[in-house]
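So the protein sequences, as listed, match chains Z and P.
For the record, in the first sequence the residue sitting at position 181 is 181 according to my numbering, with numbers rising by one throughout.
For the record, in the second sequence the residue sitting at position 65 is 65 according to my numbering, with numbers rising by one throughout.
Calculated directly from the structure, the hints in this document are not laboratory data.
The reader is advised that the hints may include incorrect statements.
Unchecked claim - With a straight-line cut-off of 27 Å between C-alpha atoms, the simulated DSS-like cross-links for lysine-lysine are:
#	chain 1	residue 1	chain 2	residue 2
1	P	Lys145	Z	Lys337
2	P	Lys126	P	Lys153
3	P	Lys145	P	Lys168
4	P	Lys145	P	Lys126
5	P	Lys168	P	Lys126
6	Z	Lys173	P	Lys126
7	Z	Lys337	P	Lys153
8	P	Lys51	P	Lys126
9	P	Lys153	P	Lys51
10	P	Lys153	P	Lys168
11	Z	Lys386	P	Lys145
12	P	Lys126	Z	Lys319
13	Z	Lys357	Z	Lys337
14	Z	Lys357	Z	Lys319
15	P	Lys145	P	Lys51
16	Z	Lys319	P	Lys145
17	P	Lys168	P	Lys51
Quick caveat, the model's predicted, so the values are computed rather than measured.
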Amino acid sequence: MKRRQKIMHFLAASSAAIPLLANGQIAAERSLISPLEQGRVAFAGYGDVTFVDPEDGNSAFQTKLVPIALVQLNDNIHIEAEVELSVDEDGETETELEYADIHYFLTDTTTITAGKFLLPFGQFGPNLHPSWINKLPSVPVIYGGHDGNGIATPLLPVLSDIGLAFQKTHVFKNGSRLFFDAFVVNGPAGGHEEVEEDAHEEDAEDELDDHEEDLGSDSLVGENVAVEDDHDDELFPEVDLEATAGDNNDDKAFGGRVAYAWLPEIEVGLSYYQGAYDDNGSLDLTAYGADLNYISSYFSVRGEYIATETEGFNDGGEKDVYDRDGWYLQGSLFLNKTGIDFLAPAELVVQWSEVNKIDGSERWALGVNYWLTPSVPLKVSVDETKLDSGEDQRRVIVQIAYGF
Amino acid sequence: MIKKKRFTFTVAYPLVVMLALLSSSASAESLSVADGARIYNDNCSRCHNPKPAEHYTAREWSVIMPHMRDRAHLTRQETDAVELFLAAALTTAGGATVANQDGLSVRQATSGEDLFSNYGCIGCHKVEEDGGNQGPRLDVTLNRKGTEFMVEKILNPALGNPSSTMPKFPLTEVEARSIVEYIRSVVKS
Chain Z
1 MKRRQKIMHF LAASSAAIPL LANGQIAAER SLISPLEQGR VAFAGYGDVT FVDPEDGNSA
61 FQTKLVPIAL VQLNDNIHIE AEVELSVDED GETETELEYA DIHYFLTDTT TITAGKFLLP
121 FGQFGPNLHP SWINKLPSVP VIYGGHDGNG IATPLLPVLS DIGLAFQKTH VFKNGSRLFF
181 DAFVVNGPAG GHEEVEEDAH EEDAEDELDD HEEDLGSDSL VGENVAVEDD HDDELFPEVD
241 LEATAGDNND DKAFGGRVAY AWLPEIEVGL SYYQGAYDDN GSLDLTAYGA DLNYISSYFS
301 VRGEYIATET EGFNDGGEKD VYDRDGWYLQ GSLFLNKTGI DFLAPAELVV QWSEVNKIDG
361 SERWALGVNY WLTPSVPLKV SVDETKLDSG EDQRRVIVQI AYGF
Chain P
1 MIKKKRFTFT VAYPLVVMLA LLSSSASAES LSVADGARIY NDNCSRCHNP KPAEHYTARE
61 WSVIMPHMRD RAHLTRQETD AVELFLAAAL TTAGGATVAN QDGLSVRQAT SGEDLFSNYG
121 CIGCHKVEED GGNQGPRLDV TLNRKGTEFM VEKILNPALG NPSSTMPKFP LTEVEARSIV
181 EYIRSVVKS
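Construct the complete structure from the given sequences, taking the supplied hints into account.
This is how it looks when you write it as structure tokens:
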């Protein structure tokens with residue numbers, strides 16, 4: 001079945017389901033008049049100041065501010081936009097529109113979103129990456145963008161794109177919950193380049209150098225780097241996942257997430273993403289994800305597994321698929337059970353993350369957080385990253401993050 | 001060899017329809033302030049420390065809550081319950097402010113039991129076996145640290161732990177003390 005047909009089927013299925021979903025309650029009136037004094041506009045957001053000291057290389061201070069503007073048009077329509085402001089190594093101010101979208105609360109349990117939004121793939125991307133929420137000042141090696149990925153080549157960036165999304169929540173009688181998210185967006189872009197082996201190795205080294213220089217920047221967002229693997233002199237296709245207002249083909253990327261939660265402790269989810277990235281719309285990037293979140297009042301365990309399949313042409317001109325996969329697992333422990341007052345706001349964090357295939361890497365990170373308020377952590381971490389190709393790296397990172 | 005693992009809409013189709021059929025909204029039962037407190041903590045803490053209610057004004061919360069409704073996949077009924085909790089935490093409603101004969105607001109004397117209920121304490125704390133688990137057990141804390149600590153902690157939740165997510169409720173010392181006495185009476189019984 002061609003992709004366009006698939007998308008049409010997908011949209012048709014979703015549209016057909018809407019009346020059922022609405023269950024006669026489209027744009028239902030609220031069950032009560034909000035007891036809160038009503039506002040129209042609010043500002044929230046987060047930011048951080050980070051000091052990165054790599055073992056080989058110069059230490060540096062970095063900073064960013066990410067304000068979020070929220071507008072409540074009426075009971076059923078809500079608008080939000082988030083812009084990331086930071087300064088690059090040349091002193092230039094960088095801006096990135098992380099999301100700008102409109103929500104329509106179709107029913108009590110169903111929301112339609114249009115615009116640029118964080119794609120519901122896994123948990124780290126849509127929910128956990130903001131620096132005041134991320135328990136480490138670095139990012140697992142499977143993810144790029146949003147600081148601290150260092151020299152590792154990610155499997156995926158934190159995904160954000162332009163299109164439509166549909167969200168549904170079902171609360172079971174026992175209190176557990178089913179979350180369903182689906183989206184259609186412009187999708188990735190890129191091409192397959194044939195480069196001589198020697199030239200490629202040089203390029204890869206340059207790329208790695210750039211990565212080191214780009215610590216803390218978003219310059220890696222959306223790029224899988226052309227690298228060699230056991231395909232001998234073939235290249236891993238370069239795919240750009242950065243959101244654009246244009247599309248290099250008519251095929252739209254689609255995907256979503258299904259998750260089940262036993263609150264307040266457990267949430268597990270499965271995610272999917274597929275999009276054609278070449279001009280002809282014949283080469284796909286497909287990603288699968290599984291995620292876990294376990295929360296108690298004083299410790300947490302979080303993890304994600306991601307596998308990607310990128311289609312490309314081999315030397316013989318035949319279609320081939322380049323597989324990559326990786327994961328991260330993170331545990332954290334609040335010290336509020338020690339009974340020692342000054343340790344009550346302290347938290348220990350340990351994380352292990354790996355990219356297994358094609359430009360693989362692994363990282364362990366240990367961190368200590370001291371929460372000055374519930375939304376202002378002072379974080380100190382040490383991490384070590386080992387690369388399949390390239391020099392290993394050790395870093396000390398100190399960060400004060402703030403959510404406001 | 002070309003590997004071709006594609007998501008088939010033979011899976012997506014039934015899934016969407018199944019969800020549609022499962023789509024009856026959340027229970028129509030009305031939710032209380034304590035429910036709102038529990039929902040607030042259970043859902044916020046999935047990703048981050050819950051911010052104390054006083055982090056934003058009531059007007060700000062009214063705009064932020066639709067944002068969080070989408071982020072946390074809250075139902076409308078749950079969102080309403082959280083707003084009920086936030087309103088209780090930010091106003092003197094829990095203390096039953098009433099107008100006197102001159103039209104001025106005065107605090108009406110309210111029992112510890114009423115205050116305990118009106119501010120939704122049980123949404124986050126257990127007393128004996130009932131209640132939420134976001135905060136420490138109140139019966140255990142009372143036995144270990146005593147009445148004066150409890151009163152101080154209610155009036156100043158950041159006491160001894162600046163990362164405490166407990167709201168600073170608009171309570172007087174007399175009201176805080178009556179809550180503690182109520183907890184003590186429940187434990188004793």
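Discussion item. Hinted pair, alpha-carbon criterion (27 Å max): Lys168 (chain P), Lys126 (chain P). Please report holds or violated.
Written reply: holds, 19 Å
Worksheet item: Within 27 Å, alpha carbon to alpha carbon, are Lys145 (chain P) and Lys337 (chain Z)?
Response: Distance of about 15 Å is within 27 Å: holds.
Worksheet item: Between Lys51 (chain P) and Lys126 (chain P), is the straight-line Cα distance small enough, at 27 Å or below?
Response: holds, 20 Å
Worksheet item: For the pair supplied as a hint, Lys386 (chain Z) and Lys145 (chain P), is the alpha-carbon distance within the 27 Å limit?
Response: Violated. Lys386 (chain Z) to Lys145 (chain P) sits at ~49 Å, over the 27 Å cutoff.
Worksheet item: Is the hinted pair Lys319 (chain Z) and Lys145 (chain P) satisfied, with a Cα-Cα distance of at most 27 Å?
Response: With Cα atoms ~70 Å apart, Lys319 (chain Z) and Lys145 (chain P) exceed 27 Å; violated.
Fill in: Lys145 (chain P) paired with Lys168 (chain P) [C-alpha distance capped at 27 Å]
holds, 20 Å
Item to complete: Could you grab the alpha-carbon distance between Lys145 (chain P) and Lys51 (chain P) and see if it respects the 27 Å cut-off?
Response: holds, 25 Å
Worksheet item: Is it true that the CA of Lys173 (chain Z) sits at most 27 Å from the CA of Lys126 (chain P)?
Response: Holds - the C-alpha atoms of Lys126 (chain P) and Lys173 (chain Z) are around 22 Å apart, at most 27 Å.
Discussion item. Does Lys168 (chain P) sit within 27 Å of Lys153 (chain P), going by the straight-line distance between their CA atoms?
Written reply: holds, 9 Å
Worksheet item: Quick one, are Lys357 (chain Z) and Lys337 (chain Z) close enough, alpha carbons at most 27 Å?
Response: Since the Cα atoms of Lys357 (chain Z) and Lys337 (chain Z) sit roughly 40 Å apart, the hinted pair is violated (cutoff 27 Å).
Discussion item. Between the alpha carbons of Lys337 (chain Z) and Lys153 (chain P), is the straight-line distance 27 Å or under?
Written reply: Distance of about 17 Å is within 27 Å: holds.
Practice prompt. Compare the distance between the alpha carbons of Lys357 (chain Z) and Lys319 (chain Z) with 27 Å, and conclude whether the hinted pair is satisfied.
Written response: holds, 19 Å
Hint compliance for this structure: hints 11, 12, 13 and 16 are not met, and every other hint is.
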